[in-house]
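Trainee: Take a look at the letters that make up each chain.
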Amino acid sequence: MKFTHLWPLAFTLLVPVIIIMYMMKQKAKEQKVSSLYLWSEMIKNDRANTPWEKLKKNWLMILQIITLLVLIAALTSPYFLSGLVSSGKACVVIDTSASMNFMYDDNQTRLDKAKEEALSYVRKLKNGTEISLITSDKSAVLLNGKSQNKNEIIEQIKNLEASNYPGDASEGVSMAKALALDSKGLQTLVITDSSIDIENLDAMVVDVYSDMPNVAVEYVSHGFKESELDVLVKVTNFSEEAVKRDVSLYQGENLIVTKEVEIEANSSEVVYFEDVDLNGSVYFAQVSGKDACDEDNISYDVLSDGTERKVLLMTRANVYLEKALNLIPGIAVTKSEDISSIEDFAKQEFDLYIFDSLVPDKLPKQGNIIMFGCECEEITQIDDFIADGRIIHGLESNTTKYLDGLSFGVANTYSYKVPDYATPFLATNGVGEEEANVAFIGEKQGRTFAMIGFDLHNSDFPLYMEYPLLMYNLVNECVSGGIISNYVYSSGEAVAVNANIEGALPTVVKPSGEIAELTDYRYNYSDTKEYGVYSINQVVKDNEETSTFAVNYPISESKIDTHPSLISSLNENVVTEVKGIFNLRNFIIVLSLILLALEWIFSLRK
Amino acid sequence: MEQIFNSEFYEKLHTLRMSIALTIASGQAGGRKSNSKGNSVEFSDFREYMLGDDIRRIDWNAYGRFDRLFVKLFMEEKEGVFQIFLDCSESMKFGEKSKEVCAKRIAGALSYIVLENGDRLFINTLRDDHVLTAGSYSGMQSFIRTIKFIEEAPMGGSNDLFKSVKEKEFKNRGLSFLITDGYTDDLDDTIKYLKYKKQDVVLIHVLSEEELNPRYEGTLNLIDSEDNGDLRVSFNATAIKTYKDSLNKFLTETENLCKKYAVTYIRVNSSDSCDSLFFSSLAKLAKKV
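If you read the protein sequences in the order shown, they are chains A and B. The first sequence begins at 1 in my numbering and counts up one residue at a time. The second sequence begins at 607 in my numbering and counts up one residue at a time.
So that you can see chain B by itself, here it is in the shape it has in the complex (with noise of 0.2 Å):
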C-alpha cells in the first residue's frame, strides 16, 4: 500500500499556515478565543454594574470620570474541541488511488492544524458499527501519536454509519470532522445527530475516480466490497448514463442536506494530488469555515 503520511505529505503540512476562524463556544480554557466573555486579560468591552457583577471587575477609574460603574469585560480564552470520524470500512479501500490513503491523509493534516492552534482533538475511527476514540490529543507534542493512530487505523468490513456514530459520548460543543465516502441512507441521520450533539460539523465527502467516471465494459458481475451483494450489470451507454445520473443525484442530495443542515461540505476526490488536496480542499475548508 502506498505510504500514506510520505515526506511530501511533511512538506505541505509545513507550509500549510491556515488560520482557522473557528468560533468556539465551549471547552476548556485554551490558546482559542470565545465570544462567550469570561475570566481572560484580553479586553473586550465594558457594560454597566448589574446587581450580581464581581465588585472586583468595577472600573473605578471610569466611575470617577462618569459617575457610574462600569465593568470592564474580558474575553474568554478556551480550548476548541475538535472530533475527526473517520470512516473504516471496506469500501473506504476502493479506487485504484485509494480513499483510504487520501482520508487520512485529510485526517493528518487537520490534526495537525488542530494541534498546532493548541486545541483539544479526538480521532474516531468507525467500523463495524463501533466507534474507537483515540485521544484527547492537545499540543504539537502529541502529533506524532495521533498520525501513528490514524495510519494504523485498520480498514475493512462493514459500517453503519449512524450507529457508530451514535456510540460516540459529547461532553463539548465542538467541531466535527466526518471523513467518509458516504455510501449509507443514514448520513442524514448521522448529522442530525451530531448537530444534535451541539456540532459544527464538515462533511469532507471521498469518492475515487473509479467511482465518479466509471470506465467498465461488458457484462460485468459488480461485487459490493462490503456486503459482498452483486448485481450484474451489462454495461453500455445507457447503463452508465444511469449511473451518472444516479451519481449526480446522490451527491446534489448530500449537498443539499449539508445546506439543510448548514454543515460545510468539501467533496474530494481520491485520485487528486497532495497540492489539490492541500492548497485546493482544506484552503476551501479554511475560507468557508
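The shape of chain A in the complex, shown without the other chains (with noise of 0.2 Å):
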C-alpha cells in the first residue's frame, strides 16, 4: 500500500490530545456514600491500575482514536498497486500540442491536467518499473528512455511546456508502438484532449479533453482595392451559445479600428474593414473577452513588401517547370504558350523570361533569359547534339552550390559553346575525353542568361532531389527573389529561408528578441513556437535586408471536436483519470463513517 500524501499524518498528535482530553475528562464528581469501607477492593485495582490501564476499556475513546486515525488515513489516499503495469515497463505519452492550453476548468489547463494525471500514474507505479517519457505534438521526443529514477522522470513531467504546435498524440503513440517492440509487455499511458487511434499498443487513454466556451480568430487576410487597404477577419464561436464580441484592429500597441460582432453559437463572423490606415506593414486582429484559450484571439498578418519579380514562363505543358517556379519565393510567375506574342509580353517588362522549348524569334531587350532545350544563335552557338542518351554532371559553380554530386540522365541534349562571360554548371561526357557543356549562366550588360540543353521531358532530372534547388539557384541568381517566400504561418509551419548567397547568414530575431543564427542560406526555419512578429536580417553588400513574418496560433488546435471519450465511449481504455489504481480512501471514508455510528450506539448506551 502507498500513500498519495503524507502530510495528514501529522494529524496523529491530535491522538494524544484526545487521550489527554479523555484524562481530563475524568475529573470526577464527589458522591457521599456510607462507608467505603465495601470500596476498599477498588482502592486496590485503583492503586494497580496505571492512568493509561485506566484507559484501557474506554471503549468510546478507543473508537475516537480509530476514527481519527482512519479519516488521517482516508487523508492520505492509500492506494494498493493493482496489476495495471505488471511488466514493469511503462510508458507515458503526454500530448503537448498548442490545445493542451486550453483550459480544462477554471483554474488549470489541459496540460495541467495531463500533468497532474501523469504524475499520479508515475508516482503509483511499482519502484523499478522503467518509465519511458514521451511527448507529442507535430512530432514526438522522448524525453527519458526506460528510466528508473521515478523522481527524474516526475521532475521532468513537472517542467513540460505546451509546445505552441499543432499536433496530437499519434506521434507520440508511433513512437512508443516503435518502443513496444523493443519492450515486451509495455504497457503505455496515452494522455491527451484529441481523438488517438491505439491499436496494437497495449494503452489506456486519458481523455483531458473538456468543453470550455471559446472564441478565436480563425484568419486575417487583407487586400488592396486602388490603394486601399481592406481587411478581413474572420471570427468563429466554439461555444453552445451565442456571443457578443469586440473585433480589433492593432498595430503594436495601437488600435486601429474595432467593430462589435455578435456571433452564434458554433458558427463563424467574417468582418470587413475597409480603407485601414496602416503605418507599417505589421498588423493584428483581436477579439476581445476571456475563453478557453486567449493565444488564439489574436491574429497577426503582414503585408507583402511588394517585391514581388514577375517571370514569363513560355511553355506548352511543363508541369516540372511550373512546380519548380511555384515554390521559388517573391516571384510571380505569369505562363504563356504563344510565343508569337512575346512582343506583347516584352512591354509588360517581366524580370526574367523562360523559354522552354519554345524560341521567339526575337529575344527581349530587356530582362534576363533562362532557355530549356532550346538553340538560339542570339545568345549562342551550339556546339552538338547529343542524341543518344547521357549522363549530365555538375560542374563548380554558384548554382550547383552545395549540390555535390549530381548526377542524372538525359535522353538527348544540345551542346554549347560557352560564351565568354559565362559559366557552365552542367557537363556531359562528348566524344572522346572532352567535356560538353550543356548548361551555362553569365551576365552580360547587366542582364543575366542562362541555356540549358536539354528538355526536362527528356530527363529524369526532375525526379532528383538536387532538381528544385538547382532550379532555386537558377532563378535566383537570374532575378534577386525575396528571403522569404510567405509571410503569415502558423506555429510549428516551417519556413523557407532562401537567403542570397552573396550575403551574409541570415539572422531570425524571434518576438521574445532571441536571436538565432542560421546555418545555410537556405534553411528551412522551424522554430516558431513563439507566436507574434519575426524578422529574417541579411547582410548583402553591406546593405541590410529585412523580411518579416508573423507566426499565429495553429486555428486546428481550437477546432477539436473529436476527443478520444466522444470517439471511444464505450472503450474500457479512454478514462478521464488514471484508473486501475485501486483508492482506498472512499472505502477508508465509509469505514470512518461505521466507526462515527458505532460510536453514538456506545454513547447513546452509556
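Take every hint as true, because none was put in to throw you off.
Have a look at the derived ranges for each label pair, beta carbon to beta carbon: (1) B:D795 x A:M24: 44 to 50 Å; (2) B:F776 x A:R605: 52 to 58 Å; (3) B:D795 x A:R605: 44 to 50 Å; (4) A:R605 x B:M746: 53 to 59 Å.
Derived contacts from chain A toward chain B, CB cut-off under 8 Å, selection only: (5) V33; (6) S34; (7) L36; (8) L38; (9) W39.
Hint data in this document are derived by calculation from the structure and do not stem from the laboratory. Just so you know, even glycine gets a beta-carbon here, dropped at the ideal spot from N, CA and C.
Two chains, two separate frames, one set of hints: put the complex together.
Mentor: Here is the structure:
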C-alpha cells in the first residue's frame, strides 16, 4: 500500500490530545457514600491501574482514536498498486500540442490536468519500473527512455510546457509502438485531448478534453482596392451559446479600429474593415473576452513588401517547371504558350523570361533569360546535338553550390559553346574524353542569360531532390527574390528561408527578441514556437535586407471536437482520469462513517 | 426527615402479636418462665428429697402413697432482660430510604414486643465511640418514653462499634439486639464480647438499596460519610462487579460469623416496606429464636 500524501500523518499528534482530553474529562463528581468499607477492593484496583490501564477499556475513546486514525488514513489517499503495470515497463505519452493550453476547468489547463494525471500514474508505479516519457505534438520527443528513476521522470513531467505546435498524440503513440517492439509487455498511458488510435498497443488513454467556451480569430487577410487597404477577419465561436464580442485591429499597441460582432453558437462571422490606415506592414486582429484559450484570440498579418519579381514562362506544358517555380519565393509567374505574342509580353517588362523548347524570333530587349532545350544564336552557338542518352553531371559553380555529386540522365541534349561572360554548370562526356557543356549562366550588360541544353521531359532530373534546388539557384541568379515566400505562418510550420548566397548568413529575431543565426542560406526554419512577429535579416554587400513574417496560433487546435471519450465512449481503455489503481480513500471514509455510527450507539448505550 | 413512628407504624405494631419464646436464664422475677427451677406457684416436676432441700417443699401426700420423700419442683418465673444496641453513626443516615428510619422502627417494634411481654428493656445508642444507655424500661407504660428516646437519638459522626459496646456494663444474662450496618472490622470482636457477657445476640444488619445495588456511572469521587476519606472510582461494569463481589464476600463473612457464634442474623433492606419489615424480618426473628 502506498500513500498519495504524507502530510496528514501530522494529524496523528491529535491522538495524545484525545487521550489527554479523556484523562481530563475524568474529573470526578463527588458522591457521598455511607462508608468506603466495601470499596476497599476498588482501592486495590485503583492502585494497581496506571492511568493508561484505566483508559484501556474506555471504548468510546478507543473508537474516537480509531476514527481519527481512519480519517487521517483517508486524507493520505492510500492506494494499492494493481496489476496495471505488471510487466514493469511503462510508457507515458503526453500530448503537448497547442490545444493543451486550453483551460480544462476554471483553474487549470488541459496540460496541467495531463501533468497531474501523469504524475499520479508515475507515482503509483512500482519502484523499479522502467518508465519512458514521450511528448507529442507535430513530432514526438523521447524525453526519457527506460528510466528507473521515478523522481527524474516526475521532475520532467512537472517541467513540461505546451509546445504551441499543432498536432496530437499520434506521433507519440507511433514512437511508443516502436518502443513496444523492443520492450515486450510495455504498457502505455496516453494523455491527450484529441482522438487517438491505440490499436496494436497495450495502452490506456486519459482524455483531458473539456468543453469550455472559446472564440477564436480564425484568419486575417487583406487586399488592396485602389491603394486602399481592406482587412477581412474571420471570427469563429466554438461555444454552445451565442456571444457578442469586439473585434479590433491593432498595430503594435495602437488600436486602429474596432467592430462589435455577434456570433451564433458554433458558427463563424466575417468582419470587414475597409480603408484601413496602416503605417507599417504588420498588424493583428484581436477578439475581446476571456475564454478557454487566449492565444487564439489574436491573429497577425503581414503586408507583403511589393518586391515580387515578374517571371514569364513560355512553355507548352511543363509541370516540372511550373512546380519548381511555384516553390521559389518572391516571384510572380505568368505562363503562356503563345510565343508569337512575346513582343506584347515584353512590353510588361518581366524580370525573367523562361523559354521552354520555344524560341522567339527575337529576344526581349530587357530582362533576364533562361532557355531549356533551345537553339538560340542570339545567345550562343550550338556545339553539338547529342542524341544518345548521356549522364549529366554538375560542374563547380554558384548555381550548383551545395549540389555535390549532382548526376542524372538525359535522352538527348544540346551542348553549347560557352560565351566568355558565362560559366558552365552542367556537362556531359562528349566525344572522346572531352567534356561537353550542356548548361551555362552568365551576365552580360546587366542581363543574365542561362541556357540548359535539354528538355526536362527528356530527362530524369526532376525526379532528383537536387532539381528544385538547382532551379531555385538558377532563377535566383537571374532575379534577386525575397528571403521568404510567405509572410504568415501557423506555429510549427517551417519557414523556407532562401537567402542571398552573396551575403552573410541570415539571422532570425524572434518575438521575444532572441536571435537565432541560421546555418545555411537555404534553410527550413522550424522554430516557430512563439506566436508573434519574426524578422529575418541578412547583410548583402553592406546592405541589410530584412523580411518580416508572423506566426499565429494553429487554428486547427481550436477546432478539436473529436476527443477520445467522444470517439471511444464504450472503450474501457479510455478514461478521464488514471484508473486501475485501487484507491482506498472512499472505502476508508465509509469505514470512518461506520465507526462514527458505532460511537454514537456506544454513547447512547452509556 | 421522614417521620419514624408514624400512624402506619403503630397500626402494624398492634397487629404484631408475636410470642417470642426466648429462653431466659437469669434476671429479676418477671413474667417469663425460666428453665431453672425455683420458687414459684407454677408446678414443674417432682424429685427425691436430698439433704439440704427445704423440708417445706416435701410432698407429704406422695410420701403417704409411695413411702418415699419427694419434693415438689416449681417453675421459677423470671423477668427477661433485653438490650437494644442501635448504631447511631453517620453511615446509618445513608440511603434514599435511610437506614436510620429503618433501624429506629425496628428498635421501636422490638421495644414494643419486649415491654408487652413484661420484660426489662435497655436501649443503647452507640455514637462517637461511646454508649448511651436509656432504661431500664419495664411495662407498657414505659413504651412511650422508649419510643421518644429512640426517635430523638441523634445520628452522626463516626463510631467504633467494639469500643462503644465495651463501655456497656452487663449485670445479667440477656438478649442483645445489635442493629447496625456492620461496616467495621471489629464486628467479630463485638459479637465475641457480647457472648462473653452471656448475651444471646441477634444481629440485625441494616443496608440501604444504594449499598446493595449501586447505580453509579462515570467517574466519581466517593466520600466516606464518617471519616470523609475519598476514593476516585471510574464506574463501569468491571467496577460494579468488583463492588458486588466485595459486598457478597462481606455478607457471607458476616453470616458465617453469626453462624459461628450462634448469633441470629437478619438482613434488612432499608427500602423495604413496613409490611415486609414486620411480617417478614421480625416474624423470621420470632421463628428463629
